[in-house]
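Asker: Letter by letter, the chains look like this.
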Amino acid sequence: MRNAGKREPNVIPGFGITLGFTTFFLSAIVLLPLSAMVFKTAGMDWSRFVEVIASPRALASYRLSFGASLVAASVNMVFGFALAWTLVRYDFPGRKLVDAIIDMPFALPTAVSGIALATIFSANGWIGQYLEPLGIFVAYTPLGITVALTLIGMPFVVRTVQPALQEVQRDLEDAAETLGAGRFYVFRRIIVPTVLPALLTGFTLAFARAVGEYGSVTFIAGNKYMETEITPLLIIFKLEEYDYAGAAALGFVMLAISFVMLLAINLLQVWGRRRMMVSR
Amino acid sequence: MAGPSSHADVSAELATRPGHTNLRSTLVRWLLITISLTFLGALLAAPLVAVFAMALEKGWEAYFSSFADDATRASIRLTLITAAIVVPLNTVFGITAAWCIAKFEFRGKSILITLIDLPLAVSPVVSGLIYVLLFGLNGWFGLWLQDHDINIVYALPGIILATMFVTFPYVARELIPLMQQLGNDEEEAAITLGAGGWLTFFRVTLPRIRWGLIYGVILCNARAMGEFGAVSVVSGLVRNLTMTMPLQIEALYNEYNMVGAFAVASVLSLLAVATLIIKTLVEGRTGYRRR
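Going down the list, the protein sequences come from chains A and B.
Heads up, the first sequence is in my numbering, so the first residue is 1 and it goes up one at a time.
Heads up, the second sequence is in my numbering, so the first residue is 1 and it goes up one at a time.
Check each hint, because a few of them may be wrong.
Said to hold, decoys possible - Straight-line C-alpha distance at most 25 angstroms; calculated SDA-like pairs for lysine to any residue:
(1) K96(A) x L165(A)
(2) K109(B) x S27(A)
(3) K58(B) x G125(A)
(4) K279(B) x T192(B)
(5) K279(B) x V98(A)
(6) K96(A) x V49(B)
(7) K224(A) x S122(A)
(8) K109(B) x T18(A)
Stated by the list, open to error - Derived contacts from chain A toward chain B, CB cut-off under 8 angstroms, selection only:
(9) T86
(10) I127
(11) L131
(12) S258
Don't read these hints as lab results, they were simulated from the structure.
Glycine residues also receive a C-beta, built at the ideal position from the N, C-alpha and C atoms.
Could you put together the complete structure from these sequences and hints?
Answerer: This is the structure we're talking about:
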């Protein structure tokens, strides 16, 4: 970021009007509606609030949403790192294409990936037909939910790790190897420390996105009572029962989780930037 | 992949590293490439190919006739109307916000950036829920709206608001880092030489941020047309009236009309593929990578 504050008075016009418009639009579209939900929850009876957010069904949904998101983000951390490594360090036919297709989950509507995954992993689907004889059931199970969450979280890990891997100083690796360090030692002592903040940021981004995801999950989940119901789905059920307060309470829990995630991501990025500066 | 030169860098680096061409490193290299590509193929390529395979399962005729359906046509129309309203509004907002954030220093700037990004962290279902709570019958404005016979939730305005919330940050996020990177010097020169604010924006700034802006708008459009969770909460699912394309996909899928569902899905998939192609072209032109 440029340090414009220390320069002569800014001659560029439009500060007041752009800041005013930005703040107004942001308040009208984002902040006002979000605070409406917070106030709706605040107006609720405390015991009723606890009853909704700590009901066995809600607890089961948190376990599922968190568990599946955690597994999905971990899988992405491993494969996302491998993918980023492959793209940065190796040259192979189709590298450009692979690099472009990574962003697919950003652009593809969740309903589309949802029905496609449910079809591929169903009993007679392209992949499902080979897995079911092995006793692996993906469609309509928590495993299926994890697959969907892995799909939508994947680009977050690859796209945060990729630039960090490019930052790794190759001459440092060469120096270490000249001094007799093995490949694994170099990996552990030079590459991992440089990439770690980015890897954790990518993990958290993928996790945060997965916890709130609805579209790609709902088709492959099958939405079985207490078994494959994610938290966003419970909000939809509450709305269908016209239980607006209950929906608001669950929405409030999800919003609180989002804020914690945002905070974690910001802290991780600050930590990463600081480490980057020390290493230079 | 910061620029077009990185491809050459990889080979040049490998060529100067004789120690890296031994058997073990070649093995590791091909193993990693295979694992990565298998993972990508099963998770990303297979669903995409499946969409088109399922849509064309009963031939081209069945594929095209699924677009003759009234409800499907209505959903396409609604999606186009929604995007036509949401994308320009979010574009104007994105440019304004980026101008304000990239060109000036002020207190609370980082809070403003975080708040603009906030919709990305919120679950789509919550994004829809907040508008139901605000404008629904027992919401803050619910009774007033009913007295004045205005429908927001379960009608077009609700769909537009929810879509706007979800796609709110995209243009701004593209432009802010790009404009910060470009700096103020050229604009300052133009202003000092007597150009007005608008002239400076259109003749100096816009040509330089053009490609980033194009990608931001196109990504915003793809997300606006494809939004499912938020819209499904506010839509009320009235056939022919409040069903967007993603909701129509769900309805057809639940009726076991697979060709119909995947035919609509294939249109949105083509849009996604086009978005990625444009992104790649834009990156090739600017050498600038989106974060």
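Asker: Against this structure, judge whether each hint is valid.
Answerer: Hints and how they fare:
1. K96(A) x L165(A): holds (17 angstroms)
2. K109(B) x S27(A): Judged against 25 angstroms, a Cα distance of about 15 angstroms means the pair holds.
3. K58(B) x G125(A): holds (17 angstroms)
4. K279(B) x T192(B): Roughly 35 angstroms separates the two Cα atoms, so the pair is violated.
5. K279(B) x V98(A): At roughly 14 angstroms apart (the allowed maximum being 25 angstroms), V98(A) and K279(B) satisfy the hint.
6. K96(A) x V49(B): holds (19 angstroms)
7. K224(A) x S122(A): holds (16 angstroms)
8. K109(B) x T18(A): OK: K109(B) and T18(A) at ~13 angstroms, within 25 angstroms.
9. T86: At about 4 angstroms, which falls below the 8 angstroms cut-off, the nearest Cβ of chain B leaves the hint on T86(A) intact, so it holds.
10. I127: holds (7 angstroms)
11. L131: For L131(A), the interface hint is violated, since the closest Cβ of chain B sits about 11 angstroms away, which is over 8 angstroms.
12. S258: Hint on S258(A): holds, closest Cβ of chain B at ~4 angstroms, below 8 angstroms.
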